[in-house]
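S.K.: Listed below are the residues making up each chain.
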Amino acid sequence: DTGVSQNPRHKITKRGQNVTFRCDPISEHNRLYWYRQTLGQGPEFLTYFQNEAQLEKSRLLSDRFSAERPKGSFSTLEIQRTEQGDSAMYLCASSPQIVGTDNEKLFFGSGTQLSVL
Amino acid sequence: GIQVEQSPPDLILQEGANSTLRCNFSDSVNNLQWFHQNPWGQLINLFYIPSGTKQNGRLSATTVATERYSLLYISSSQTTDSGVYFCAARERDTGRRALTFGSGTRLQVQP
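Sequence lines, in order, name chains R and X. The numbering used here numbers the first residue of the first sequence as 247 and each following residue consecutively. The numbering used here numbers the first residue of the second sequence as 34 and each following residue consecutively.
For the record, the hints were derived by calculation from the structure and aren't laboratory data. Since the model is a prediction, treat every value here as computed from it, not as a measurement. Just so you know, not all the hints are guaranteed correct.
Some chain X residues well away from chain R (every beta-carbon gap over 10 Å; in silico) [unchecked claim]: (1) Pro41; (2) Gly49; (3) Ser59; (4) Gln66; (5) Pro72; (6) Asn78; (7) Thr86; (8) Asn89; (9) Leu104; (10) Ser108; (11) Thr112; (12) Thr113; (13) Asp114; (14) Arg130; (15) Thr133; (16) Val142.
So the derived list for chain X, only partly shown, Cβ under 8 Å to chain R, looks like this [as the list claims (entries may be wrong)]: (17) Asn64; (18) Gln75; (19) Tyr81; (20) Gly85; (21) Arg129; (22) Ser136.
Quick reminder that beta carbons are idealized off the backbone N, C-alpha and C, glycines included.
Make the full structure from the sequences, and use the hints.
M.R.: What follows is the structure in structure tokens.
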């Protein structure tokens with residue numbers, strides 16, 4: 247169990263550029279989440295995957311954001327035409343699905359810190 | 034959607050002291066978790082506790098679901114306990130999987 251891995255750890259970009267982040271969940275975890283955290287706040291939910299299916303998206307997720315999990319393993323989060331307000335820590339979490347229970351403990355990666363200049 | 038409020042927002046302790054952190058939530062929940070975010074930003078899951086009491090070493094947590102609050106107890110605090118503690122909850126019977134986080138309690142343990 248190597249934990250949830252996120253790359254890159256830091257990303258600095260200019261306004262208007264596109265960026266892509268990657269998340270590798272704990273193996274055999276079929277649930278994957280993306281959250282965003284700004285300074286001094288708790289994480290905010292962005293989107294949820296069960297296997298390769300994107301089943302839930304937050305209203306925070308504008309049209310400039312897209313997420314994929316093509317084979318039900320790793321996931322990518324892309325932000326197009328970045329804005330300064332996109333500057334935040336982007337966190338990925340995974341959890342196993344335990345049939346017959348709502349028991350679900352999330353395990354977070356170390357995050358990708360995005361700075362938009 | 035569900036509202037999650039944590040108190041106090043900030044807490045400074047001397048090493049060895051005990052503390053209680055509180056989390057209030059506005060609706061019935063089917064999932065409640067406590068996390069510790071260390072100074073390097075890593076979120077560590079402490080407890081999954083939608084109801085009842087659990088203990089893990091110097092930490093314990095109690096959730097009273099009928100009264101919509103949860104408490105995290107830290108005993109004999111150590112400097113490594115410093116960081117931000119978050120409570121996160123999922124509203125029952127919505128079909129949604131999103132966890133809503135509180136704003137956290139920032140804890141500083143001084144030697």
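S.K.: Just double-check X:Gly49 for me: nearest Cβ-Cβ distance to chain R has to come out over 10 Å.
M.R.: Non-interface label stands for X:Gly49: nearest chain R Cβ at 28 Å, farther than 10 Å.
S.K.: Would the non-interface assignment of X:Thr86 survive a Cβ cutoff of 10 Å against chain R?
M.R.: With a cut-off of 10 Å, X:Thr86 remains clear of chain R, as the shortest Cβ separation is near 16 Å.
S.K.: Far enough from chain R: is every CB of that chain over 10 Å from the CB of X:Thr112?
M.R.: 21 Å, holds
S.K.: Let's test the interface hint: is any C-beta of chain R closer than 8 Å to that of X:Gln75?
M.R.: 5 Å, holds
S.K.: Hey, is X:Leu104 genuinely clear of chain R, shortest beta carbon separation above 10 Å?
M.R.: Its Cβ never comes within 10 Å of chain R, the nearest being 18 Å, so this holds.
S.K.: Is the nearest CB of chain R more than 10 Å from the CB of X:Arg130?
M.R.: 5 Å, violated
S.K.: Non-interface claim for X:Ser108: all C-beta distances to chain R beyond 10 Å?
M.R.: Consistent with the label, X:Ser108 stays out of reach of chain R, its closest Cβ about 23 Å off (over 10 Å).
S.K.: Are all C-beta atoms of chain R more than 10 Å from that of X:Thr113?
M.R.: About 18 Å separates X:Thr113 from the closest Cβ of chain R, which puts it past 10 Å; holds.
S.K.: With 8 Å as the cut and Cβ atoms as the points, is X:Asn64 at the interface with chain R?
M.R.: 6 Å, holds
S.K.: Does the claim that X:Asp114 lies outside the interface with chain R hold up, using a Cβ gap greater than 10 Å?
M.R.: 18 Å, holds
S.K.: Would the hint on X:Arg129 be counted as holding, given a Cβ-Cβ threshold of 8 Å to chain R?
M.R.: 6 Å, holds
S.K.: Does X:Ser136 pass the interface check with chain R, least Cβ-Cβ distance below 8 Å?
M.R.: At 5 Å from the nearest chain R Cβ, X:Ser136 passes the 8 Å test, so the hint holds.
In summary, the numbered hints that this structure violates are 4, 6, 14, 15 and 20.
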